[in-house]
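Novice: Those protein sequence lines, which keep their order, are chains A and B. Everything in the first sequence is counted per our numbering, starting at 1 for the first residue and increasing by one. Everything in the second sequence is counted per our numbering, starting at 1001 for the first residue and increasing by one.
These are calculated hints, taken from the structure and not from any lab test. Just to be clear, a hint being listed does not mean it is correct.
[As the list claims (entries may be wrong)] Pairs of lysine-lysine, BS3-like flavour, derived with a Cα cap of 27 Å: (1) K84(A) x K162(A); (2) K162(A) x K1179(B); (3) K1176(B) x K222(A); (4) K1176(B) x K138(A); (5) K1198(B) x K162(A); (6) K259(A) x K237(A); (7) K6(A) x K1195(B); (8) K84(A) x K1195(B); (9) K1176(B) x K164(A); (10) K76(A) x K1071(B); (11) K1263(B) x K195(A); (12) K1179(B) x K222(A); (13) K76(A) x K1179(B); (14) K110(A) x K1176(B); (15) K76(A) x K1195(B); (16) K255(A) x K222(A); (17) K237(A) x K255(A); (18) K6(A) x K164(A).
[Claimed, not checked] Rough simulated footprint, nothing fancy, chain B against chain A, three-plus residues with beta-carbon under 8 Å: (19) 46–59; (20) 80–89; (21) 106–114; (22) 195–208.
Idealized CB from N, CA, C, for every residue including glycine.
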Amino acid sequence: MPIELKHVTYTYMPQTPFERVALQDVSLTIEEGSFTAIAGHTGSGKSTLVQHLNGILQPTGGQVLVDGTDLAARGKAALTARRKVGMVFQYPEHQLFEETVALDIAFGPKNMELPAAEIEQRVRQAMEFVHLDYETYKDRSPFQLSGGQMRRAAIAGVIALKPKYLVLDEPTAGLDPRGREDLLQRIVQLHKKEKITIVFVSHNMDDIARTADRVVFMDQGKVLLDEAPAKAFFAEKEIAQAGLAAPQMVTLLTKLREKGLAVDPAAFTMEDGVAHIMKALREAKSC
Amino acid sequence: MLTDITIGQYFPGDSVLHRMDPRVKIVLLFFFIVGIFVFDTRGAYAVMSVFTLLLMLLSHVPLRMMARSVKPLWWILAFTFLVHLCSTPGEIFVRVWIFDFTYAGFWQGFFVCLRLVLLILLSSLLTFTTSPLALTDALESLLRPLKRFGVPAHELAMMMTIALRFVPTLIEETDKIIKAQQSRGSDFSSGNLMKRVKSLIPILVPLFISAFRRADELAMAMEARCYRGGVGRTQMKALQIGAVDYLALAVTLVFAAVLGALKVVGI
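Please construct the entire structure, taking both the sequences and the accompanying hints into account.
Specialist: Right under this line is the structure:
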């Protein structure tokens, strides 16, 4: 069962002089098991959009269904549906508050009123998953950690909820290259191993090229394009309109082909691209 | 939602009142307030009410918004009126239980309330037509002579400016933290008082940390730009008294003369 957005419209501060329409008639289906990337420049509505996925914002028009349950409904069913969607906000380390890392990660499971043994188990798993050694870090204050570690601890706090869908809003912003690399790998692992459906908000097209199996471009509160990466990265007009840039590998391969090297720009991940270029170069030399 | 709140009540515009020098506005407001208490005849109240009404129209601020600034004081006004109504000796027109309602009390209560309303309206006219930044600038300028007696005028103004600047930022931050903790299943709207207070901890701790971090960063940034207090500091938009201000001063003088005359005649 998917998450479905049906004609969702959202207006900030309706009926005041400061009224602003952030989403306009957005319809989108996020299939179970997919890895969807949402891209767009600042103010395009992507953050507003993802905040609808677990009912933090209720649409001013339209419907959001998670596994067929309307999030706007009252009662237990809607609450259960909301809890299926985990949400990692921008700069999630700013939400840490407990005395120790383990207590902070346990905050979500505790709110779900799980038994203590289960909570500990989940905290342990979540920490291992984000590469924070349980024994080393569980009793440390979250404020003693480095930036990258804080980010991972905060993400562990959401993973411990065991969501079926995980939404990450620019999770790599402000991290150093190694931290970024590591985090992206963790997210891909979550998708592959734990079979969690991922919604990944980013404006870094290189990150998207490496991870997503579907790309949505947002512009001025509307869905501009919704395609497989192989198509999306070559939609020059839409990329420009959304204020983005094609992944570097796509640009490189396109330029190489213009220069007469027999490469296929569709090999847009770093590994594929490098292998592809090497092969083309060898072939070019041999003849 | 939390971010739907607007701070202060500045209403942007380009009326005569908006264009006046904020210092002149503050000083004239001070004289008006004194005037309200000095001139207490019926004629004077009539003149002042008409004058306030004219100023309100001149400001181009919607009357609806002006009314809103009086609204919070509605209960105080009603209470004041009632107390005066039944505690002033004079000719009794109705008697309820042990309370005597008198005509003199009615007028007394009416004028006290009118005085309060005029006071609120005039001071909100100042905040409606002057941006918070202009207001702090003016305050700094007016307090400068007191520096000799150890009043840190510049520092006070700078503190006010910074506080105003960070209110929206912190509100946004709070909104974000609330959303994040809600996504982790915290619930702020149910349970007993103790439980609700406890549920604020996950919001307050990150908020304080972020406020301290911002303060630290700001201090660093200010130091990096060689900020060292008000000594030798000039302003990009220096306040200047112009034709509008002299006009306002003249109008006020005429107004004061009329009120003085009324007082002498005794209307």
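Novice: Could you run down the list of hints and mark each one as holding or not?
Specialist: Hint check:
no.: 1; hint: K84(A) x K162(A); result: holds (8 Å)
no.: 2; hint: K162(A) x K1179(B); result: holds (18 Å)
no.: 3; hint: K1176(B) x K222(A); result: holds (23 Å)
no.: 4; hint: K1176(B) x K138(A); result: holds (26 Å)
no.: 5; hint: K1198(B) x K162(A); result: holds (25 Å)
no.: 6; hint: K259(A) x K237(A); result: holds (22 Å)
no.: 7; hint: K6(A) x K1195(B); result: violated (37 Å)
no.: 8; hint: K84(A) x K1195(B); result: holds (25 Å)
no.: 9; hint: K1176(B) x K164(A); result: holds (23 Å)
no.: 10; hint: K76(A) x K1071(B); result: violated (41 Å)
no.: 11; hint: K1263(B) x K195(A); result: violated (86 Å)
no.: 12; hint: K1179(B) x K222(A); result: holds (23 Å)
no.: 13; hint: K76(A) x K1179(B); result: holds (20 Å)
no.: 14; hint: K110(A) x K1176(B); result: holds (21 Å)
no.: 15; hint: K76(A) x K1195(B); result: holds (21 Å)
no.: 16; hint: K255(A) x K222(A); result: violated (31 Å)
no.: 17; hint: K237(A) x K255(A); result: holds (17 Å)
no.: 18; hint: K6(A) x K164(A); result: holds (20 Å)
no.: 19; hint: 46–59; result: holds (count 3)
no.: 20; hint: 80–89; result: holds (count 4)
no.: 21; hint: 106–114; result: holds (count 4)
no.: 22; hint: 195–208; result: violated (count 0)
Violated hints for the displayed structure, listed by number in ascending order: 7, 10, 11, 16 and 22.
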